[in-house]
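A.B. asks: So you can see what is in the structure, the chains are spelled out below.
Number of protein chains: 2
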Amino acid sequence: MIAGMQQVNVGIVGLGNVGSGTLTLLAENAAQIALKLGFPLRVTAVCSRSVEAKKLPEGLGPVHRTTDWREIVSHPEVDIVAELVGGTSVAAEIINGAIEHKKSVVTANKELMASCGSEIWDRAIRAGINLAMEASVAGGIPIHAVLREGISGDRVVALYGILNGTSNYILTEMEKRGAPLDEVLAEAHRLGYAEADPSADIDGFDARSKLAILAALAFGEKITPSDIFVEGIRRISPMDFQYAHKLGHTIRLICAARQTSDGLILSVRPALIGLETIIAGVQGAYNAVWVKGRYGQDTFYYGRGAGPLPTGVAVVSDLMRVAREIRYGHPERVSPFAHERLGEYKPRSVTSEKCAYYLRFRVDDRPGIIAALAGILAEQHISLEAVLQLPSETKSSLPFVITVEPTCEHTIREAVQKMSHLDFLREPPLALPMEPPL
Amino acid sequence: MIAGMQQVNVGIVGLGNVGSGTLTLLAENAAQIALKLGFPLRVTAVCSRSVEAKKLPEGLGPVHRTTDWREIVSHPEVDIVAELVGGTSVAAEIINGAIEHKKSVVTANKELMASCGSEIWDRAIRAGINLAMEASVAGGIPIHAVLREGISGDRVVALYGILNGTSNYILTEMEKRGAPLDEVLAEAHRLGYAEADPSADIDGFDARSKLAILAALAFGEKITPSDIFVEGIRRISPMDFQYAHKLGHTIRLICAARQTSDGLILSVRPALIGLETIIAGVQGAYNAVWVKGRYGQDTFYYGRGAGPLPTGVAVVSDLMRVAREIRYGHPERVSPFAHERLGEYKPRSVTSEKCAYYLRFRVDDRPGIIAALAGILAEQHISLEAVLQLPSETKSSLPFVITVEPTCEHTIREAVQKMSHLDFLREPPLALPMEPPL
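Protein sequence lines correspond, in order, to chains Y and R. Numbering of the first sequence is given in my numbering, commencing with residue 2 and proceeding in unit increments. Numbering of the second sequence is given in my numbering, commencing with residue 2 and proceeding in unit increments.
No wet-lab data here; the hints were simulated from the structure. Check the hints yourself; a few may be wrong.
The list makes no distinction among identical chains, and a pair is therefore deemed to hold if it is satisfied within one copy or across any two copies.
To be verified - In silico DSS-like links for lysine-lysine, alpha-carbon gap of 27 Å or less:
#, residue 1, residue 2
1, Lys37, Lys293
2, Lys355, Lys419
3, Lys177, Lys247
4, Lys247, Lys355
5, Lys103, Lys419
6, Lys103, Lys37
7, Lys355, Lys293
Note that the coordinates shown come from a computational prediction; the quantities given were computed from them, not determined experimentally.
For reference, chain Y alone in the conformation it holds in the complex (with noise of 0.2 Å):
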């Protein structure tokens, strides 16, 4: 076994938060992974904008610094590219020429693999080198591996997860302490939770594209983030949650991807969920997936949905897989993006299955309220299941909620656009799916 004891070489590009937390382990790390391994893996070539004031981790022995990432990728003393840069444009850049020089990577990033994963793919295969990303979602989670080896031989009929963890951390704390979103947002800033522009998390645009990949890999598809249906956590209330409660369940962040008779219904959007259920105890900054499997049914994950050291984990424990395979063979061959090939694909964000809903207003209190509400539900032949309405904090404007029998969700949608019109509405209606199918 005299090759094996041949080291792996890495070259990383990209200091921040998740190439500190590798590093770290790398270094702290290094003698429990080359036992694992029955090789070392070495860090040779490390590349940032601002690479000379690092503090570089002890342990790691010579590391060729760098501001020039095409130094790494063509470096002859780098196996393996680690891409943790993060966005779209530079990042295509350095993944792409390190697939041109036949070097393998691991990449941490989401958005480039949602939305340019399956080409990406493809080159890397074509070049035959070797890819990995599971990093890119739910960090703490080794969702991938679960995906790509650990449940392989099941089909997967549908995946759920809690994939943003900033947004998770405010509807939990909303819940908790019935604070507003804006506040809870403003202290997520200062924990370091949430980004300066609080969008992608807020509006659910980071979570689709964790979904995207997800989906990809659950499904053998390739799945646009554009073609899945989003709504984000704007528009919920601390008094939401304290409507939930009431009806026995709570509010989250729920990312689906679901085999139905209408093709793969996608979506990212709040729902209630029973208090009893596993995912309702997802708290905080946690990411969670559920899965379900036609042959293994049920299996659920948890961990952290980012950090330095989660993500860092991901990183490491891919980077080993890797340099496995760079020393004993390339097992990878087939694309996780798009291997299915299953003729057309047909992605959905409306099902026509049923589903009860919540539906929350604001008013001006006045009589003949429910009667307009009601005739807009009976003439679309919703059977409405209860009326709930909760001490309010303000006068002025009056909160309550109506909950209905189980109803597609085109009907509901056309329900809420006929209620948009009605002058005592304060705000428009909003509508949750309760208890979608998990």
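With chain Y held as given, fit chain R onto it using these hints.
C.D. replies: For chain R alone, coordinates are given in the frame of chain Y:
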């Protein structure tokens, strides 16, 4: 990629529950498996004592049937042998026979891998064949893939599990319905959850074998089942759930492997777990594994513990991985057992760390009982936290509970030992740790 189109051939030994589930999956899911792999996986031979009477699923193509496993392990058209017979004697012969014939092996055999896994792995590595054992622990949870690949870059600090579905089913039914253990066990037997001899499930030995395998994978040590402290659920009664609930807890059979300053603590034992924890939400025949990593922190995995199809998914996923490795190279060169070789390995089942305890008594009602028990606790310098007494079902035997402040296990055992001589006790005290570090 013409080489890639060549099929890999599987021989299956054992057509019981798991073998039949595996065949069903390989037949029904053949097209998707071939798309994922880039080549077909074909069943070419099967072996079972009653092989002639077996109806094989449609779509498998021609399959050689035999009652002699030697034909499978030496068959020129078998690349991978799936050992699905269970037990330790014939199973060991089958696996060793396959290795001698340079066939790769997939096994679902927890007993064998727990007792001789290390030796079998060494033999497989010397022979240059591949060995996979995902189905040997928690059939429906891909925990081997997680430890081997998904979080391989982390250092596991602790691993906890609910690894025996039958005992978890019994505990959660006792909890829900207040039924005694014997009654629920009889029912589990009728439902096919429990074996004719329930000892392996009820007394914790099945869970212990699984913990031995998972701890070996997590810590890279060779772990012998007999090194693991084991206490089953026989002494738990519905009344213990009533007391536990009163204390905000439930009771689960917890498998634990934890690195401490004393060494690696290994135990299988019932414990009080906070009702709000995710692990308390594991109901019925489900299994769960909780891993704490030094870098990646908490991750949690949940799924079916057994069943022909969930376990079949694990077998088929292993077959796919091994087939890929046969086609494109063998990445596995280091045993998952004992790769650490960290010198003399010291497993411990008693820790010097402190933990609160739940002590439940059944006594003949008379004056001076609390004084006598409190006296013994005081002698041992154990601080009493609370005394609870719920209305009793019987007059003759009065149950009550004492909880004590964090104390080390050794001290509790001594106290329980001293108490056992008190003549008012109807049975020895039941001592359960409360919220052991999770």
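A.B. asks: Give a verdict on every hint.
C.D. replies: Hint check:
In this assembly of identical chains, Lys37 and Lys293 lie within 27 Å of each other by CA distance solely across copies; the values are 18 Å between and 32 Å within a copy. Within a single copy, Lys355 and Lys419 get their C-alpha atoms as close as 20 Å, which meets the 27 Å cut-off; across copies the closest is 63 Å, which misses it. Taking identical chains as interchangeable, the C-alpha atoms of Lys177 and Lys247 lie at most 27 Å apart whether they share a chain (14 Å) or sit on different chains (23 Å). When the C-alpha separation of Lys247 and Lys355 is checked against a cutoff of 27 Å, the pair qualifies only within one copy, where the shortest distance is 22 Å, while the shortest distance between copies is 40 Å.
Proximity of Lys103 and Lys419 under a CA criterion of 27 Å is satisfied in neither setting, with 58 Å inside one chain copy and 71 Å between copies. Proximity of Lys103 to Lys37 under the C-alpha cut-off of 27 Å is found in both arrangements, the shortest distances being 25 Å within a copy and 24 Å between copies. In this assembly of identical chains, Lys355 and Lys293 lie within 27 Å of each other by CA distance solely inside one copy; the values are 19 Å within and 40 Å between copies.
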